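Colleague: From the two separate chains plus the hints, produce the assembled complex.
Here is what each chain is made of, one letter per residue.
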Amino acid sequence: MKIEVQIHGNMLKPRGVAEEIIILDENASVAELLREMGYLPEHIKYIIAVRDAIMLKHSATLRDGDIIQLSIPIGGG
Amino acid sequence: MAIIGVGGLGCTVAKCLAGAGIGRLELIDDGIIELSNLNRQFLYRFNDVGFPKAEIAAKRLSEQNPFAEIAFSRTRITEENVIETFAKSSLVIDCLDNFESRYIVNLAAVAIGNPFIHGACRGFEGRAMTIVPNKTACLKCAIPYASMESNTPIIGSTAVFVASIQASEAVRTLVGLVPALEGKMLFADLSMMRFETVSIPRDSECRICGRT
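Listed in order, the protein sequences are those of chains A and B.
Positions 1 to 77 (the numbering used here) are the ones given, in order, by the first sequence.
Positions 1001 to 1212 (the numbering used here) are the ones given, in order, by the second sequence.
Some clues are possibly wrong.
Said to hold, decoys possible - Reference listing, derived: stretches of chain B covered by chain A, where coverage requires no fewer than 3 residues with Cβ under 8 Å from a Cβ of chain A:
#, stretch
1, 1002-1015
2, 1097-1110
3, 1136-1144
4, 1198-1207
Note that these hints are calculated values from the structure, not bench results.
Just so you know, these numbers come straight off a predicted model, no measurement behind them.
All C-beta atoms in this analysis are idealised placements derived from N, C-alpha and C, irrespective of residue type, glycine included.
Just chain B, same shape as in the assembly (with noise of 0.2 Å):
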């Protein structure tokens, strides 16, 4: 299984799967450690500042479950590099911070036909999907232009949320029940306690699986 970026959601998702015994995690991400990441990346420490992301969660992942092999890539996920992780990995978990990166990800899913779970935090707002190419709407279906951003920091209980409902949408998934999210986005915003899980149609115009 891989897990592409060990920030807020990344983090929390990996505690959660070497937690649950998962035998091999894969851990990509070429970040290094900063003080603002600390309110939520929850791998880290202080005296882990200035070190790189994956490497430390990797040690710390070996540490919590010994029997597990933990590999990391210190590496940015791109078009170049991506078919080749998702030709490794059973399951590929969308921990990312740009949608960029996503899209890339979400390209690579639906030419190789290879499930992944995308999760996205912001403030107190989540969202997550499980995305099953040729069976569910792919993310560009679900989000086809992405912008607006604002630089809202993320309150860590919002990253470990959402984080938590990927780490048991890849829980199902493996052991071969449907996900709760499949082809559909959980909206989540902790600011109010509302959350909604909304149907997300394939677009037969979606440029990236609309032909398939």
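Looking at chain A on its own, in the form it has when it is part of the complex (with noise of 0.2 Å):
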């Protein structure tokens, strides 16, 4: 299936672009899309996921055609 990736801020993007096209086996999960895209296992966990403006858990089923957005905590103040 196809899946449309968005991606926010510049950390996030190891091919340092905003967006991809990433192709994934049916039903595959958040996680295994973040595989997919090559992030370091270490870093998986601090990424936030969001589909039709909502967060996704890293468990979530992925849908054909779906935009993912991907983004990551922000601390200072």
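Modeller: What follows is the structure, encoded as structure tokens:
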């Protein structure tokens, strides 16, 4: 299935692009998407995934055609 | 009302709320004004460098609104003093600069059941969320793991933007309106002018609020 990924913030752009199309097996999870994108295992837990303006758990199942937005926590003030 | 952290966010939140006529503000910060703060911490001036943030902020706010009661505490928020802060305040505003302290505030909010308004910024990116314990997701639901922080400096306009959102949420809460970001997090990227409001579901497995 085809997933469109929109990446917010420079830290999450391992390939330097803000948008990517990722091909995954049916019923793949958010965690599998992040691994497929090449994020390091020790970094994956920090990544926030959003679909249709709702935050997803990493165990959530993706659907063909999903648009997933990725970002990371911000703590400064 | 308590403002925890009188830095980039706290300065603007405090100015907005003092100007709005909030009767009592308590400012909590153990920091000292540094030269590098002046790009975004607009209660302070060049000659304030080296002086305590909470004390100078209180002085400036009293000049802005002499009818408001402005209290200050030159302390760092800890597990020992956070409960007292919540008990004394109808609303707490999280203007902190680190997740360790934010999680302490979140834990106390859930324990007591009082709301707080979260804000954070880095570079051109900002976040804001209003957390109402036992009703909305808590900060730990929204951000279970906090790391990957960079040393990207905070742009002054980003801090003012996020702080203005926090102040708006505070005013709405105080007058009995539903805060626009109740259970939702604003993701703002001022470098791309992208603004998204994301629903944050409560996590039934959250270690902080999942059993409440």
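Colleague: Against each hint, give a clear statement of whether it holds in the structure.
Modeller: Tested hints:
| no. | hint | in the structure |
| --- | --- | --- |
| 1 | 1002-1015 | holds (count 5) |
| 2 | 1097-1110 | holds (count 4) |
| 3 | 1136-1144 | holds (count 3) |
| 4 | 1198-1207 | holds (count 5) |
Every hint from the earlier list agrees with this structure, and none is contradicted.
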